[in-house]
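Visitor: Chain by chain, the residues:
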Amino acid sequence: MTSVAPSVGVPLPSPLGRQRTGRFGRALSDYLPALVAFVAIVAIWEFAASRLQTRPYVMPPPSAIINALVENWSGGRWPLFASAQHTFIEALGGLVIGTVIGLVVAFAVSRWASARDAVLPVAVAANAIPIIAIAPIINNWFGVLEPLSKMMMAALLVFFPVMINVTRGLTQVEPAALELMRSYAASEGEILRKVRIPNALPFFLTALKVGATLSLIGAIVGEYFGGSSEVVGRIVVQSASALRFDVTWAAILLGAAAGIVFYLAIVVIERVLIPWHPSVRGEERQ
Amino acid sequence: MTSRQNDVVVRASGVDKSFMRDGQVVTTALSGIDLEIRRGEFISLIGPSGCGKSTLLRVIGDLTAPSAGSISVNGKPARQARRDRDYGIVFQAPVLFDWRTVEDNVRLPLELLGQSRAQRDGRADEMLALVELTDFAGHHPYQLSGGMQQRVAIARALALEPSLLLMDEPFGALDEMTRERMNSELLRIWQKTGTTVIFVTHSIPEAVFLSTRVVVMSARPGRVTDVIETDLPQPRSDQTREEPRYFERITQVREALRAGEPSRSSEMPP
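Respectively, the protein sequence lines represent chains Y and L. Position one of the first sequence corresponds to residue 1 (our numbering), numbered consecutively onward. Position one of the second sequence corresponds to residue 1001 (our numbering), numbered consecutively onward.
Only chain Y is shown next, with the shape it has when bound in the complex (with noise of 0.2 Å):
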């Protein structure tokens, strides 16, 4: 056992006490408002279901939720986690294709002003498409039983976020950061290296996490209209029409467990791309 008496002299970190719990402690105190908040609502929502009677199709209990979930969880009428799987690789996909099509236009529009005069107004129209208007035509376009119309769907939507904050930070860089590589007789192809990608990735990883959140609505939405039963826009479509919300719950449930995997992931990806920003170096700050 390691001995956790502070040294004579060392100041405390404040606040007191949290020092003497260690790592998994001070993250248990970090999170422990939220997972009081979040159990007791779902107490709450429980008796005030049993209490209230309230009929399980308006408002079924978390009990009942739970019971869905595992009942349905891999097979049936409702097979829940190989949907979750077929809607999360659809997301993903989406995620990677808006990405890597986001960042290649933004690279091209910070580089070249003419690109910027003509990809960009197209864009910003593009933008003001209503996604749930095109997805019909997404769908008859890239088969509406093929996980690639939804992916299609889901890159619609993150295209926009990463192209704009790309752009954004390869060309706000600070003046004097580049007349101090103009100083330096640097190339443009160094400053875009050593500034200008640097001084983008905060940029980029910001769009990452609101890209990932909208792949799962993209993908999600595309199901709404049509596509293989076995997704999990498509099982909350039919159990709702076939009253059985408890099945519903359970599968948004899913479609949010899924949401929280992309973002841990992203907070896992800042930490090693971007340990420098004050967004993840957080109250290391002096």
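What the hints contain is simulated information worked out from the structure, not anything from laboratory work. Fair warning: this is a prediction, and the values are worked out from it, not measured in the lab. Honestly, I wouldn't trust all of these hints.
Which bits of chain Y does chain L cover? Going by a derived footprint, with three or more residues having C-beta under 8 Å, they are [what the hints assert, rightly or not]:
#, segment
1, 174-180
2, 183-197
3, 272-280
For every residue, glycine included, the Cβ atom is placed at its ideal position computed from N, Cα and C.
Given the structure of chain Y, go ahead and fit chain L onto it with the hints provided.
Guide: Below, chain L alone, put in the same frame as chain Y:
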């Protein structure tokens, strides 16, 4: 054999700089600047804000082109001097990159020069030792104080052994005590490296303490109104700041600055 010609680092002749908008001259930042700076000098450019002292520094460093006249640095056009990496520049903000450690920030110009890793490491260590930040090599800029960050910027500027160090109000953002300490530090570095320095400031004591010559400028249009030799003994120290001659030179610079604003002084009550 060194002729007098070779001893001149910067020669500005008839330099004008106007800023244009829609084909019209909006501001005349510099007008008819003639200046000769010799090797090893420490020159301060001082004047009221808007007198073009920063613009003059940027013209000398080829960060902006003059509208008329010419700048030669080490006997070649300023553009060629920049391509030959004859300059080191320190701005008012340290302009360090947060994604690089202190040591990697100092290495940046060496990377751009295409030096080998071993050469870079040796030189960066040397520079950090010069500004006395060896212990902070692995830190990131945001972990340092403002004064320390500016020392890193100085180390970076000196990494390529530039023949000319351009400094644009480098200590303007620091508190008075840190500034005085940085001034002494800079003099020590200047004596050790023998680099020619052009230093923009609006602090009279700072200019007098640091410089071998103070170039006094006035505004609208920016021009050189006086050049004052600050013949205080070298090396200078905290004692220099208490000598009568130091105060005489401060008074001289102050009067030169006032003389540069005739309209203002005639308006003042007796």
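Visitor: Are the hints correct? Go through all of them and say.
Guide: A quick look at each hint next to the structure:
1. 174-180: It holds, with 5 qualifying residues against the three required.
2. 183-197: holds (count 7)
3. 272-280: holds (count 4)
Of the hints listed earlier, there is not a single one the structure fails to meet.
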